[in-house]
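Using the hints, put the two standalone chains together into the complex.
What follows is the residue order along each chain.
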Amino acid sequence: MPIQKLSEQSSGSLEKPAVETSVKELSWWAHVLVGVLFGIVVTKAEVISWFRIQEMFRFQSFHMYGVIGSAVVVGALALFIIRRMRSKTIFGQEISTPPKDLGTGIRVAVGGILFGLGWGLTGACPGPIYALIGNGVTVMIVVLISALAGTWAYGHLKPLIPH
Amino acid sequence: MIELLSQPWPWYLAGPLIGLMVPTLLLLDNRAFGISTSYQHVCAALIPGRSSYFAYDWKKTGRWNLGLALGTLVGGFVASVLLANPDPIAISSSTRADLAALGLSDFSGMVPGEIFSWSGLQSVPGLLMMIGGGFLVGFGARYAGGCTSGHAIFGLASAQLPSLIAVAGFFVGGLVATHLLLPLIF
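Those sequence lines, one after another, are chains A and B.
Here the first sequence is numbered in my numbering, starting from 1 and rising by one per residue.
Here the second sequence is numbered in my numbering, starting from 1 and rising by one per residue.
No lab work stands behind these hints, which were simulated from the structure alone.
One or more of the hints may lead you astray.
Stated by the list, open to error - Listed next, the in silico DMTMM-like pairs over lysine to aspartate or glutamate satisfying Cα-Cα at most 25 angstroms (straight line): (1) A:Lys158 x A:Glu94; (2) B:Lys59 x A:Glu20; (3) B:Lys59 x B:Asp29; (4) A:Lys88 x B:Asp29; (5) A:Lys88 x A:Glu20; (6) A:Lys24 x B:Asp57; (7) B:Lys59 x A:Glu25; (8) A:Lys24 x B:Asp87; (9) B:Lys60 x A:Asp101; (10) B:Lys60 x A:Glu20; (11) B:Lys59 x A:Asp101; (12) B:Lys60 x A:Glu94; (13) B:Lys60 x A:Glu25; (14) A:Lys24 x A:Glu94; (15) B:Lys60 x B:Asp29; (16) A:Lys158 x B:Asp57; (17) B:Lys59 x A:Glu94.
To be verified - Computed spacing ranges between beta-carbons, pair by pair: (18) B:His179 x A:Pro98: 45 to 51 angstroms; (19) A:His156 x B:Lys60: 18 to 24 angstroms; (20) B:Glu3 x A:Pro162: 51 to 57 angstroms; (21) A:Phe59 x B:Pro88: 19 to 25 angstroms; (22) B:His179 x A:Arg84: 49 to 55 angstroms; (23) A:Arg84 x B:Gly103: 49 to 55 angstroms; (24) B:Pro48 x A:Phe62: 42 to 48 angstroms; (25) A:Gly92 x B:Ala101: 55 to 61 angstroms.
Just so we're clear, the structure is a prediction, and the values are computed from it rather than from any experiment.
Just so it is clear, CB atoms sit at the ideal spot from N, CA and C, and this is done for glycine as well.
Pulled out of the complex, with its shape left as it was, chain B reads as follows (with noise of 0.2 angstroms):
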């Protein structure tokens, strides 16, 4: 059992066990799945600042939130301790090829250690990636109001327009960082 769960999971399997988060959420107390509105609590908690936008009772309001993502970072560990898959991710060739042109030759891991490594930050590509990227994700998921989880699982899920732009906005960003942004950083 324990040897089939360690290969990579489908997503046959893994898309319909995330999708059902919804309705787990909801009907344990009513809340809207979603990550990132962790971040402004943690912001809330330790450096509110001087923002009205942190300027909230954080225990109340994200209590469960922090709960889901302190969870989240216990079952990454979880997987990778009982269930760690030994080979390299099965990527696609063209992929590998691509990334190769790149200059990356690190496929080992569920992340290139040549950029996401504490000797990679010491790197401009490394920088970029990691601080600029980084700053991206939390400024942006909290200006578009979610982000994956919250706009692309339980946006569209719900059927809300303000979530397919912003999702449609998650490709075009992801896109132009890919096509454009990285051969210039690399």
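Only chain A is shown next, with the shape it has when bound in the complex (with noise of 0.2 angstroms):
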């Protein structure tokens, strides 16, 4: 008796995780893969690129103002869409949008202005970093070591700064 229901519940626990691991895997690979649609876009559109960073700083070029404004209308015109049609994942699950935290407004003000300080610098935000040594910019590890730092150093500093 304690033999059978061992066999059982061991049946029983093996086959669901399996099936779970294997969606689970798939929802991977598909982030993967839409990871890299998104690397060969900024890297076509040359967003990734120093000099395009320092042309929209200097207001020198509608290209980089063209391509986040056409992407927030698009993503805001899908997001009414997905809303108004209450769209389920392709697993089934609920969509939700999370909200951005505000705090005081502190985090968002000095942290913004912090980013904005590193990216006129080093003309790449988070995405396109990864894109620019993908790219063959090898030198661009150095700066997502040092973004990993700051990283880390933000998430020490956490409890002793305003947010």
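As structure tokens, then:
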């Protein structure tokens, strides 16, 4: 009797995770694929270029404003449709858009300015840092390590700074 | 076809494609578009230290985002190999003149090779821009709660006030770096 019970249990617990694991695996590869497409687009639109970022911050070309502006419009339209149709994910989950934390406003204002200083100097935000390494600008690995150091420092200073 | 795709993509093609990242990730498995969280996951995985900010199950929470980050790197590689554009980036002549006045002369690559190269790393401008700038990107993105993708694209597309303030901050910082810091650094 105990043996039978054990085998029942084990077969039951074996099957379910196996299915869940393959779905997880599939969705992970889907994210990699979405990332590949993103990496191609940001490379071909040259938004990973320090030169293009300089052009933007000097107001000497419409290119970057066009990219970001049209991305926001298309993203907003798609969100509107998703909410209107009460769409679910392809796995049937509910879709929600998590609210961004305002805090007292200090975290977004000061954090935003610090990020902007870094964006202006490196000409690369977090996504483009990855894409530039892929483009063969290997020295961007140093920028990546430095950005990780900044992330690490933030994690440890978080309780001490105003948000 | 490859020849056509190898040309630089105009904003009205690239922008909407980037915007489609928002619904794609939501419809895939309810993920909010954002890249800089992946830096937090890497810290949580490799160097958590004693901060509670890095004490969580990064494999469970961060797997998808690390996959997206890895894909972005691979996408950069694919585009540079299969869809390489042989011409220098066609930046406006006024930007070129401004940068030449700062002392830059190499406009051939995606980034100025005089600064963003291993030899450039041994110069003061290279150190400040890559090490200093990189640190600020990582620190600022996590402090603000998002970067260009999470705040400027996802946050603005979902009409969030924190993102609007953050993006205004991005621009203030970028303008200060461009017009005040760069002339000092060079």
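A quick look at each hint next to the structure:
Taking the CA atoms of Lys158 of chain A and Glu94 of chain A, the gap is near 32 angstroms; set against the 25 angstroms cutoff, the hint is violated. Of the pairs offered as hints, the one joining Lys59 of chain B and Glu20 of chain A holds, with about 15 angstroms between alpha carbons and a cut-off of 25 angstroms not exceeded. Between Lys59 of chain B and Asp29 of chain B the alpha-carbon distance is near 16 angstroms, which keeps this suggested pair within the 25 angstroms criterion. With a C-alpha separation of about 9 angstroms, the suggested pair Lys88 of chain A and Asp29 of chain B falls inside the 25 angstroms cut-off, and the hint holds.
A distance of roughly 18 angstroms separates the Cα atoms of Lys88 of chain A and Glu20 of chain A; the hinted pair therefore holds under the 25 angstroms criterion. Annotation: proposed proximity of Lys24 of chain A to Asp57 of chain B holds, straight-line Cα distance about 16 angstroms (limit 25 angstroms). With a C-alpha separation of about 12 angstroms, the suggested pair Lys59 of chain B and Glu25 of chain A falls inside the 25 angstroms cut-off, and the hint holds. For the proposed pair Lys24 of chain A and Asp87 of chain B, the alpha carbon gap of about 42 angstroms is over 25 angstroms, so the pair is violated.
As the CA atoms of Lys60 of chain B and Asp101 of chain A are separated by approximately 22 angstroms, the hinted pair is consistent with the 25 angstroms bound. Between the alpha carbons of Lys60 of chain B and Glu20 of chain A the distance comes to roughly 13 angstroms, so the proposed pair stays at or under 25 angstroms and holds. The straight-line distance between the Cα atoms of Lys59 of chain B and Asp101 of chain A is roughly 23 angstroms, inside the 25 angstroms bound, and the hint therefore holds. Using a Cα cut-off of 25 angstroms, the hinted pair Lys60 of chain B and Glu94 of chain A holds, with the two alpha carbons roughly 19 angstroms apart.
Distance restraint check for Lys60 of chain B and Glu25 of chain A: the Cα-Cα separation of roughly 12 angstroms lies within the 25 angstroms cut-off, and the hinted pair is therefore satisfied. Taken as a hint, the Lys24 of chain A and Glu94 of chain A pair is honoured in the structure, with Cα atoms around 17 angstroms apart against an allowance of 25 angstroms. For a cut-off of 25 angstroms, the pair hint linking Lys60 of chain B to Asp29 of chain B stands: about 14 angstroms separates their Cα positions. Restraint check for Lys158 of chain A and Asp57 of chain B: satisfied, since their Cα atoms lie roughly 19 angstroms apart, inside the 25 angstroms limit.
A C-alpha spacing of about 22 angstroms is found between Lys59 of chain B and Glu94 of chain A, which places the hinted pair at or below 25 angstroms, so the restraint holds. Here the CB-CB span from His179 of chain B to Pro98 of chain A is close to 35 angstroms, at odds with the stated 45 to 51 angstroms. Judged by the Cβ atoms, the range 18 to 24 angstroms given for His156 of chain A and Lys60 of chain B holds: they are separated by roughly 23 angstroms. For the pair Glu3 of chain B and Pro162 of chain A, the supplied restraint of 51 to 57 angstroms holds, since their beta-carbon distance comes to about 54 angstroms.
With their beta carbons about 21 angstroms apart, Phe59 of chain A and Pro88 of chain B fall inside the hinted range of 19 to 25 angstroms. The hinted range of 49 to 55 angstroms is not satisfied by His179 of chain B and Arg84 of chain A, whose Cβ atoms lie roughly 43 angstroms apart. The hinted range of 49 to 55 angstroms is satisfied by Arg84 of chain A and Gly103 of chain B, whose Cβ atoms lie roughly 53 angstroms apart. About 43 angstroms separates the C-beta atoms of Pro48 of chain B and Phe62 of chain A, a value consistent with the hinted range of 42 to 48 angstroms.
Taken as a hint, the range 55 to 61 angstroms holds for the pair Gly92 of chain A and Ala101 of chain B, whose Cβ atoms sit roughly 58 angstroms apart.
In terms of the numbered hints stated before, the structure departs from hints 1, 8, 18 and 22, listed from lowest to highest.
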